[in-house]
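Chemist: Protein chains in written order, with numbering that gives the first Met the number 0: chain A, 0 to 248; chain B, 0 to 309.
Errors might be hidden in some of the hints.
[Stated by the list, open to error] Below, in silico cross-link-like pairs of lysine to aspartate or glutamate (EDC-like), each with a Cα-Cα straight-line distance of 20 angstroms or less:
1) B:K38 / A:E4
2) A:K113 / B:D96
3) B:K38 / A:E171
4) A:K54 / A:E4
[Claimed, not checked] Partner residues are not named here, just some residues of chain A that face chain B (Cβ under 10 angstroms, in silico):
5) L49
6) G50
7) D92
8) W104
9) Q132
10) I133
11) L136
12) G139
What the hints contain is simulated information worked out from the structure, not anything from laboratory work.
Please read all numbers here as calculations on a predicted model, not as lab measurements.
Don't be surprised by glycine CBs; every beta carbon is placed ideally from N, CA and C.
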Amino acid sequence: MNPVEVQNLTVAYQKKPVLKNVSFTVPEGKLIGIIGPNGAGKSTLIKAVLGMIPKATGEVRVYDKLYRAKERVVGYVPQRGSVDWDFPTNALDVVLMGRYGHIGWFKRPGKKDKELALNCLEKVGMQEYATRQISQLSGGQQQRVFLARALAQDAKIYFMDEPFVGVDAATERAIIELLNELKQQGKTVLVVHHDLQTVKDYFDHVILLNINVIAEGPTEDTFTLKNLHQTYGGTLAFLEKGDILVGQK
Amino acid sequence: MDDVIKISLADANTQWVLLGTILLGISSGVLGSIALLRKQSLIGDAVAHASLPGICVTFLLLGEKSLFPLLIGAAISGLLATFCIQAISSYSIIKEDTAIGLVLSVFFGLGIVLLTKVSQSSVGNKSGLNDFIFGQAAALVGSDVKLMAGAAALLTVITWLLFKELKVLTFDPEFAKGLGLPTKLLNFVFLTLLVSAIVVGIQAVGVILMAAMLITPAISARYWTDSLARMIVLSGVFGAISGVFGTIFSTFGTGLATGPFIVVTATFIFFISLLFAPERGLLTKWVKRLRLNKRLQHELVLRKEGKSYQ
Ligand SMILES: Nc1ncnc2c1ncn2[C@@H]1O[C@H](COP(=O)(O)OP(=O)(O)O)[C@@H](O)[C@H]1O
Ligand SMILES: [Mg+2]
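Just chain B, with the same shape it has in the complex (with noise of 0.2 angstroms):
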C-alpha cells in the first residue's frame, strides 16, 4: 500500500486534491475556532445542512454540475437558513436552539427530496451531485482547487485584517459596542465569512460533517493555547493536517467518501489533546494530581513521625 500512495502522491491531480483538502482545513480551523468561542458551532451545523437544497435548486437551474454557481447556491440558502434563524427567535417565543433545529431540518429534508428528483429528472449529468453529502474530496479538479484556494486565502487575510475586532466583538459584545464599533455589521461580515468557509468545505466533507470541521480542530487547540491568536493558528494547521490525512487514507486506501475520513482524522487529534496538552490535558492532570498526593502523604508520615518522637 505505500508503493500505492508514493505513486499516486506524484500524480498532478493528486497534489490539487491534496492542497484543496489542505486549504479548506486552514480555513474551516480559522473560522470554526471563532464560532466556537462566539457559541455559534449549531448554526454552523445548520448552515451546512442547508446548503443542501441551494446546491440542488441551482444544478436544475443550470443543468450541468459546475462548481462555482454550485457553492455559491449553497451560499445563499445557507445565510438564508441562519435569516430564518434569527427572525424564528426573536420574533416568536422559540428559542434559538430549538429555531436551528427546526430550519436544519426543514432544509435539510427539503434538500434531500431535491436530490431525490434530480436523480429521477433527466437534466443533465448528475454525476456527483450526491458526493456533496458525505464529501468527495477526488472529484475535486484543478479549476475547483483554485476557487477553492482563492476563497480560502482571502477569508483567512479577512479574519487576520479584522483580528482585534472579531476578539472585543467575541469577548464581551457590549464593550465592543460601547467602543463604537458597528457591530452589527461585524456580526453579519462574521456570518458570512463562516457561511463562505462552510460553503468552501463541503466538496470535500459534505453537508452533514462539515460542522465537525469547524468545530473539532478549534477544540483541539483550546486545549493547547491561551492566546486567541495561537488557538486560531493551531486550528488552522489541525484542519490542515486532518485534511491531509483523511484524504490520503479515503483516496488511496480504500476510495470511499472524503468526509468521514477527514472527521475522523480530525477526532484523533482531538483525543491526542484531551489527554496530553500541557495543563489542560487529562493526562498532565493526572499526573499532576498524583505528584500531589505522594507529596501530601509523604509531609503526612513526616508528621506522624514527627509526633510518634514527642
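Looking at chain A on its own, in the form it has when it is part of the complex (with noise of 0.2 angstroms):
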C-alpha cells in the first residue's frame, strides 16, 4: 500500500494548464523532494493533492482511499508567505491550529492539546516562544512554528512547501534533523526544494516536476544532469552549476 498515488492529475487556473497529466506513486517512509523551476507548479502539486484547489482531471489515492482531508492523516506545512504574520494571534495559538481537525466543530483546544502543542514546539526549539506575537518573531522562527502546527496535526504523511526557504542556518539544520526523525517514525514527508546543492544529502527519493513529471526515483538513479536538463531547460548559468553539482561519476 503506498502512501500518496497520484493519478493523470490535471490542473487549470483560468483554462491554462499548470498541471498536465502528472503522476506518480510515493514510497513509505521515505524524505521525497519535489524539485523543479519557479512556476512549475510545485505548490499547485501539493494543493491538488490535499483537495485545496479543483482537480481538473486525475485521482489522489492516500493508502489506496480516495483522499479526504477529514481522514486527517496528512499534515501540511504552506509556504511562510503565504499568512499574513500580523495576525493578532501568539506561536502556541497557532500550532494549536494543528489540532482543529482533532477537537472537532463549535469546541475549543483543551488542556491536553495544549500540552501536545507545547510539546511540537519544544521538539523545534520554540518552548521559549510560545507567547510571542508571530509578528516578532525571525523568519526561521515562523517557519519553525509552521513545523510544528504541521507536528501537532499528528499525521502519517506530511507535505511542506519551501520549509527551507529564508530559515538561517542553524533553523535549516534542526528542520532536517526533525524530518529524518520524521523518516525514523515511519512517516512519509514531501518536501518542496528549491536548492540543488542539497538534494543529494536530504532525500531518498526526488520527483522532478515542470507542468509533467520528468522523473521520478531514487534520488542516486533520478536525480541526474540529464533529467535536470528536461526539468529546467536550457538555463546556461544553471547548467553550468549542475555539472558541478551533478556530474561527480
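Make one complex out of these two single chains by using the hints.
Modeler: Next comes the structure, spelled out in C-alpha cells:
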C-alpha cells in the first residue's frame, strides 16, 4: 500500500493548465523531494493533492483510498509567505490550529491539546517563544512554528512547501533533523525544495516536476544531469552549476 | 443641557434607542474585526451602500415602513451585491477592488433613483425612509430594538461558537481547507453574518457611514492587543461606546442624524488608540525612542570621557 498515488492529475487556473497528466507514486517512510523551477507547479501540486484547489482531471489516493481531508492522515506546511504574520495571535495559538481537526466543531482546545502543542514547539526548539506575538518572530522562527503546527496534526504523511526558504543555517539543520526523525518514525515526508546542492544529502527519492513529471524515483538514479536539463530547460548558468553538482561520476 | 440629557435619559423610548445603538455597536464591532483581518472591509462598504435599493423596493411593494421586511430587503440586495462582486472578479479580468467600486456605485445609484421615485409616489407614509441614508436612531421604537437585540445577540453567539473555525479560516484559509473544514460554507456563513450585522446597523447609522462602524472600532481595538479574542471583545466594546455617545450627542444636543455622531465618536476612540495604546501607540513609541536616544547619548558621552582619560 503506497502512502500517496497520483494518477493523471491535471490542474488549470482560468483555463491555463499548470499541471498536465501528472502521475507518480510515493514510497512509504521516505523523505521525498519535489524539485522544479519557479512556476513549475510544485505548490499547485501539493494543493491539488490535498484538495485545496479543484482538479480538472485525475485521482489522488492516500493509502489506497480516495483522499478526503477529514481522514487527518496528512499534515501540511504552507509556504511561509502565504499568510499575514501581523495577525493578532501568538506562536502557541498557531500550533494549536494543528489540533483543530481533532477537536471538532464548536469545541475549544483543551489542556491536553495545549500540552501537546507545547511539546511540538519544544521539538522545534521554540518552547520559550510560545506566548510571543507571531510578527515578532524571525523568518526561521516562523517557519519552525509552521512545522510545529504540522507536528501537532499528528499525521502519517507530511507535505511541506519550501520549508528551507529564508531560514538561517541553524534552522535548516534543525528542520532536516526533524524530517529525519519523522522518517525514523515511519512517516512519509514530501518537501518542495529549491536548493539543488543539498538534494542528494536530504532526500531518498525525488520527483522532478515542470508542468509534467519529468522523472521520479530514488535520488541516485533520478537526480541526473540529463533529467535536470529537461526539468529546467536550457538555463545556461544553471547548467554549468548543474555539471558541478550532478556530474561527479 | 445637562438637564435635558438627564430628563431624556429617564424616558423609556430613549432607553430603547440607547439599547439599540449599543447592540448594533457590539455586533458591528465583533463582525467588523474579523472582516478587517480578512481584508473584507471594502466588501462591507459595498454591502451597506447596496442595501438601499433593497429597502426602497421592499417599501414600494409593501407600501408601509415596517422595519423587519425592510431589513430583509436590505439583506437580500446586500447579498446580491457580494454575489455580483464575486462573479465579476472571478469571471472577468476586472480585479476585486474595481468590481467592488463598480457594484457599490451601481447599487447605490439605483437606490437613490428609487428613493426619489418613492418620495414622488403616493404610496403610504414614506416619512423616515430618508433616514436610512445617514441614520436616525431616534426613529427606533421598542419593537425595532427588540428585533435588533435578537439579531445582534444571535450574531454574537454564532461568532462565539464558530470562533475557532473563523480564526483558522482568517489566518490561513488553505490550512483550514487542509484540515477538512468546509471553507466555502464557512465563507458564506461569515458573509451572511457580516451582511446581517450591517443590516442591523443601517437604521441607526445609515448606509453611507455603516462601513465606518465595521472598520473603526476594529482598527482601534487592534492597537491595544495581540490576541484575536481580546481584539473582538474590545472592538465590540468600542462599538457600543460609540453607539451610546453618538446617540446622546445627536439626539439630545442637536436632533440631527445619528450616523455621523456615532462615527465621529468611533473616530475619536481611534485617535486615542493611535496615540496612547501601549506598545503600538505613537506616543508610546515616541517616548520609547526618546529614552533610547538619551541612553545612547549618555553612553556616547561616557565613552568619549573614557577615551579622553586614556
Ligand atoms: N491562484 C492562481 N491563479 C492563477 N495562476 C496561478 C495561481 N497560483 C499559481 N498560478 C500560476 O501557476 C503556475 C504554478 O504556480 P506554483 O504552483 O505556485 O509554482 P511553484 O510552486 O512551482 O513555483 C505559475 O505559472 C503561477 O503563475
Ligand atoms: Mg511554490
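Chemist: Against each hint, give a clear statement of whether it holds in the structure.
Modeler: Hint check:
1. Annotation: proposed proximity of K38 of chain B to E4 of chain A is violated, straight-line Cα distance about 37 angstroms (limit 20 angstroms).
2. Between K113 of chain A and D96 of chain B the CA atoms are separated by roughly 40 angstroms; this puts the pair beyond 20 angstroms, and the hint is violated.
3. Of the pairs offered as hints, the one joining K38 of chain B and E171 of chain A is violated, with about 33 angstroms between alpha carbons and a cut-off of 20 angstroms exceeded.
4. Between K54 of chain A and E4 of chain A, the direct Cα distance comes to roughly 15 angstroms. Compliance with the 20 angstroms bound is thereby established for this hinted pair.
5. At its closest, the beta carbon of L49 of chain A sits 5 angstroms from a beta carbon of chain B; the interface hint therefore holds under the 10 angstroms criterion.
6. With a cut of 10 angstroms, the hint placing G50 of chain A at the interface with chain B holds, because the nearest CB-to-CB distance is about 7 angstroms.
7. A least Cβ separation of about 8 angstroms between D92 of chain A and chain B falls short of the 10 angstroms threshold, and the interface hint therefore holds.
8. With 10 angstroms as the threshold, the beta carbon of W104 of chain A comes within range of chain B, its nearest partner Cβ sitting at about 7 angstroms, so the hint holds.
9. At a threshold of 10 angstroms, the smallest CB-CB gap from Q132 of chain A to chain B is about 4 angstroms, leaving the interface hint in force.
10. Look at I133 of chain A: its Cβ gets to within about 9 angstroms of chain B, closer than 10 angstroms, so that hint holds up.
11. Given hint, L136 of chain A at the interface with chain B, is violated; its Cβ is 12 angstroms from that chain's nearest Cβ, farther than 10 angstroms.
12. About 19 angstroms separates the beta-carbon of G139 of chain A from the nearest beta-carbon of chain B, more than 10 angstroms, and the hint is not met.
Checked against the numbered hints listed earlier, the structure breaks hints 1, 2, 3, 11 and 12; every other hint is satisfied.
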